[in-house]
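Undergrad: Line order of the protein sequences matches chains A and B. Convert by adding 26 to the 1-based position in the first sequence; the result is the number in our numbering. Convert by adding 811 to the 1-based position in the second sequence; the result is the number in our numbering.
Worth double-checking, as some hints may not be accurate.
Residues of chain A placed beyond 12 angstroms of chain B at every Cβ, according to the derived structure [as the list claims (entries may be wrong)]:
| # | residue |
| --- | --- |
| 1 | Gln32 |
| 2 | Glu69 |
| 3 | Pro70 |
| 4 | Arg92 |
| 5 | Ser118 |
Calculated pairs, DSS-like style, for lysine-lysine (alpha carbon to alpha carbon, straight line, at most 25 angstroms) [stated by the list, open to error]:
| # | chain 1 | residue 1 | chain 2 | residue 2 |
| --- | --- | --- | --- | --- |
| 6 | B | Lys828 | A | Lys124 |
| 7 | B | Lys868 | A | Lys28 |
| 8 | B | Lys828 | A | Lys71 |
Hints listed in this document are in silico derivations from the structure and should not be mistaken for laboratory results. For clarity, every value in this text was computed on a predicted model and none was experimentally measured. For every residue, glycine included, the Cβ atom is placed at its ideal position computed from N, Cα and C.
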Amino acid sequence: RKEVEQDPGPFNVPEGATVAFNCTYSNSASQSFFWYRQDCRKEPKLLMSVYSSGNEDGRFTAQLNRASQYISLLIRDSKLSDSATYLCVVNSAGNNRKLIWGLGTSLAVNP
Amino acid sequence: GAGVSQSPSNKVTEKGKDVELRCDPISGHTALYWYRQSLGQGLEFLIYFQGNSAPDKSGLPSDRFSAERTGGSVSTLTIQRTQQEDSAVYLCASSLRAGSQETQYFGPGTRLLVL
Numbered sequence: 027r028k029e030v031e032q033d034p035g036p037f038n039v040p041e042g043a044t045v046a047f048n049c050t051y052s053n054s055a056s057q058s059f060f061w062y063r064q065d066c067r068k069e070p071k072l073l074m075s076v077y078s079s080g081n082e083d084g085r086f087t088a089q090l091n092r093a094s095q096y097i098s099l100l101i102r103d104s105k106l107s108d109s110a111t112y113l114c115v116v117n118s119a120g121n122n123r124k125l126i127w128g129l130g131t132s133l134a135v136n137p
Numbered sequence: 812g813a814g815v816s817q818s819p820s821n822k823v824t825e826k827g828k829d830v831e832l833r834c835d836p837i838s839g840h841t842a843l844y845w846y847r848q849s850l851g852q853g854l855e856f857l858i859y860f861q862g863n864s865a866p867d868k869s870g871l872p873s874d875r876f877s878a879e880r881t882g883g884s885v886s887t888l889t890i891q892r893t894q895q896e897d898s899a900v901y902l903c904a905s906s907l908r909a910g911s912q913e914t915q916y917f918g919p920g921t922r923l924l925v926l
């Protein structure tokens, strides 16, 4: 089993739709979780950290479920500019400085 | 406020040649990371620096790969005797401190093509 697994998609949704991505991680001792966004042929950029209690930033909501070892990202009222690959990132338990990156979920928001 | 810069942006080389990739982190960032991303693949951790020391070199794929950082700033990743499978985008990131809670800021990457 991969340390971090994501559905690669692509997810094709119309503008204004709500879309959710899940990501599972294998090591129950992991403590830090993030969603990064990567546009085509660009570098990754932090979208948001994921906190135990869940957190929201505008149209984006992140949730953590430790019991089931998954994190989720919900995008409401999706915009054309949300089209990108969303990368799930989890710290490597036992090595607090090393991050394990998922392969990403591709989202295309269509007019 | 300059971000992370990398050079060259693109590099085409012949199999067997050595290449040197450069990363200039954000000023004041003590931690620096090198990753590799092959076409259609996720980010592969290579090495990270805290200051000038590299506590974790576990991701370097072979002894042809080495990296150094001097003055707590610029880092170079050297690939000796390049192979075609080394073709990838090499991304550098920096963070204020080493630690998985720290946001990593990425440079634009160096696209390496080994013919």
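Undergrad: Run every hint past the structure and note whether it holds.
TA: Hints, one by one, checked against the model:
no. : hint                   : in the structure
1   : Gln32                  : violated (9 angstroms)
2   : Glu69                  : violated (4 angstroms)
3   : Pro70                  : violated (5 angstroms)
4   : Arg92                  : holds (16 angstroms)
5   : Ser118                 : violated (8 angstroms)
6   : Lys828(B) to Lys124(A) : violated (30 angstroms)
7   : Lys868(B) to Lys28(A)  : holds (21 angstroms)
8   : Lys828(B) to Lys71(A)  : violated (32 angstroms)
Taken one by one, the earlier hints fail for this structure at numbers 1, 2, 3, 5, 6 and 8, listed in ascending order.
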